[in-house]
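J.: In the order they appear, the protein sequences are chains A and B.
The numbering of the first sequence is the numbering used here, which starts it at 925 and goes up by one.
The numbering of the second sequence is the numbering used here, which starts it at 3 and goes up by one.
No lab work stands behind these hints: they were computed from the structure.
Values in this document were obtained by computation on a predicted structure and should not be read as measured data.
Honestly, I wouldn't trust all of these hints.
Just a sample of chain A residues kept apart from chain B, beta carbon distances all over 12 Å, derived [stated by the list, open to error]:
| # | residue |
| --- | --- |
| 1 | His1032 |
| 2 | Tyr1169 |
| 3 | Ile1276 |
Distance ranges between label pairs, derived from CB positions [claimed, not checked]:
| # | chain 1 | residue 1 | chain 2 | residue 2 | range |
| --- | --- | --- | --- | --- | --- |
| 4 | B | Glu134 | A | Arg1004 | 25 to 33 Å |
| 5 | B | Lys79 | A | Ala1243 | 37 to 45 Å |
| 6 | A | Ala1243 | B | Leu124 | 54 to 62 Å |
Partial chain B-side listing against chain A, Cβ under 7 Å, derived [claimed, not checked]:
| # | residue |
| --- | --- |
| 7 | Gly100 |
| 8 | Ala117 |
| 9 | Ile123 |
In this text, a Cβ means the ideal position worked out from N, Cα and C, and glycines have one as well.
Residues per chain are reported as follows:
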Amino acid sequence: MKIADELKKSFFIALWFILLTFPIMVIRVNTIEQVVVWRWENLLYVGIGSFVLSFLCQLFLKKRSQSIQTISATPSPLRRLLDEPKFNRPALILIAIFTLIFPLIFSHYQVNIMTTALIYVMLGLGLNIEVGLAGLLDLGYVAFYAVGAYSYALLNYHFGLGFWTLLPVGAILAAFFGIIVGFPVLRLRGDYLAIVTLGFAEITRLILENWNAFSFGPSGISNIPRPGFFGINLNSEQSAIYMYYLLVAFCLLAIFVILRLKNSRIGRAWNALREDELACQAMGIDKTKTKLTAFALGATWAGFAGVLFAAKTTFINPASFTFMESAMILSIVVLGGMGSIVGVFIAALAIILLPEYLRVFSDYRMILFGAALIAMMIFRPQGIVADIRKKYEFHKNNCSKSTG
Amino acid sequence: MDNVLEIKNLTMNFGGLRALENVSLEIKKGEIEALIGPNGAGKTTLFNCLTGVYKPAAGDIFIYPPQGKPRRLHNLKINQITALGIARTFQNIRLFGGMTVLENVMIGRHCRTVAGIAGAILRNKSTRAEEESIVHESYSILEKIGLDCFVNDLAKNLPYGAQRRLEIARALATGPFLLLLDEPAAGMNPQETKELEDLIYRLRDDFNLSILLIEHDMKLVMNLAQNIFVLDYGEEIARGTPQDIRHNPAVIKAYLGVEASA
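My request is simple: use the sequences and hints to build the entire structure.
T.: Spelled out as structure tokens, the structure:
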């Protein structure tokens, strides 16, 4: 009965789009022959396309609003699939085998972009501690990444320290920086926190860009050594493979640590802090300590990722640590589903690898990216894989759920 | 005297508004006392001063925990006061809606447990034992309060009355000697209110509590409280047993706004 209404609405939306895109899609000035070309057929495409899309969109939204209760009650099909032991055991084994033999069957180039993707997985996992677990919307995560990368590059340049010594140093410095940033923003939440952290990241980047004596400015630091492998000299192809395995190991470590943190006393405190700050404090949780722990632990992974990044590319400059990177990492977390580890994995691989493989569409990359984000927020705001709560089993006496 | 709480001449201002003026109040061990008054009388403000949400402008608060040293509450953070053994519920329910019922209660155990980052990551023997004890203690509190059927449900999906009780369960998990209940019966029907009354009695005995409650349901207050304090415009206008308060002209005036005929 409401179909007519929806058709009408879609019609107006289509009309609006025709109007909007008229100047760019229909009119074209041929500057060589000094004539205006009217491409009326494009008007038709835009009209029909937007009409159909908006109609489908409305149908979908309607269906979803009808079943909104059941969605929150039962896990999504994807989630059920992931929880199904018959499926996830073999899948996990397949993924593990694929991960292990990946560098042996694919080219140097493939291994390199996969390594980059894994760095983003690590960054996503780290930011997930702050945003997903503790609810601290951090738009300046890239600052911690920069601290990690620069601490490796600079300490190596000045003191000649090696990769394995500086890996923990970079992580600790990043964690320390996380606490320094965390202190002034303790009182802030949500949007305000996002703005201030964004400011801190920009400060960090500007310092790196302008303080030539300290960071060598925009020209950056080159000839950063690759990680050593028991004193054996590796050629560039071998070291790319070595980097790949290192990152796989670090991602596994990150997953292990985050899983354990999540289901721990601290993880619960983060969760409670995200839900309601006052109630959380009234339950005896120290807000300051809990927030700073989240900042520090999140930053630690950015620090690791930074050191690994510097070692992988052997060259860093401030251009690698712009706001765009922060936005990218945050999109990974949001697209993947806040607090969900599998989600971060899928989203990071999608966001980093798809543009590499879809070079054909490289002109439209940002448009597609934006459209994907918007579509995601409309249709699946909880992310690709929504987080679920742990269930505890008890021996229950047969009880009825009365309202009491 | 064996008071567990003494508030002396507490004063609290919000800008030019005096929310509390020279309020004094004592609570004896094992007693249930009620704080009543018209809307805006300063009852919740008193709770907030007591739990560290607000810093009072003047006055002292002393606590005498049954186990432990007497202590003046001054410049303490909210969580420190909770750790000292004062737990509260909120007037407008403030549960962690996205967490399960059990997890809500487990959060309450936070200040009685110690596992840190290293413990969480390594998951050593003592951490595992602590985690297990948190789960079991939380579950037994839920059993006592009659919410054990809801263990794995999200808190926000509970019926209203059960949410109110979950707030109490969560507060109990912090191991308090003094429980502050802010309008526990708000929005409950008479049947639920009656059950709440029995529950509060039972909890006081089971957990060796002293209880201070804010409540508008006069029947509940008269049945439960041994002593009633009445606030109006931030000042104490009466105190005494339910019998005294029922006939106190100042109280009747504050509530009904007319001079009681003498």
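J.: Taking the hints in turn, state whether each one holds.
T.: Verification of the hints:
1. His1032: 35 Å, holds
2. Tyr1169: 23 Å, holds
3. Ile1276: At roughly 27 Å from the nearest Cβ of chain B, Ile1276(A) sits farther out than 12 Å, so the non-interface label holds.
4. Glu134(B) <-> Arg1004(A): 25 to 33 Å: Hint holds: Cβ distance 29 Å, inside 25 to 33 Å.
5. Lys79(B) <-> Ala1243(A): 37 to 45 Å: 43 Å, holds
6. Ala1243(A) <-> Leu124(B): 54 to 62 Å: Distance hint for Ala1243(A), Leu124(B) is violated at roughly 39 Å.
7. Gly100: At 6 Å from the nearest chain A Cβ, Gly100(B) passes the 7 Å test, so the hint holds.
8. Ala117: 5 Å, holds
9. Ile123: 5 Å, holds
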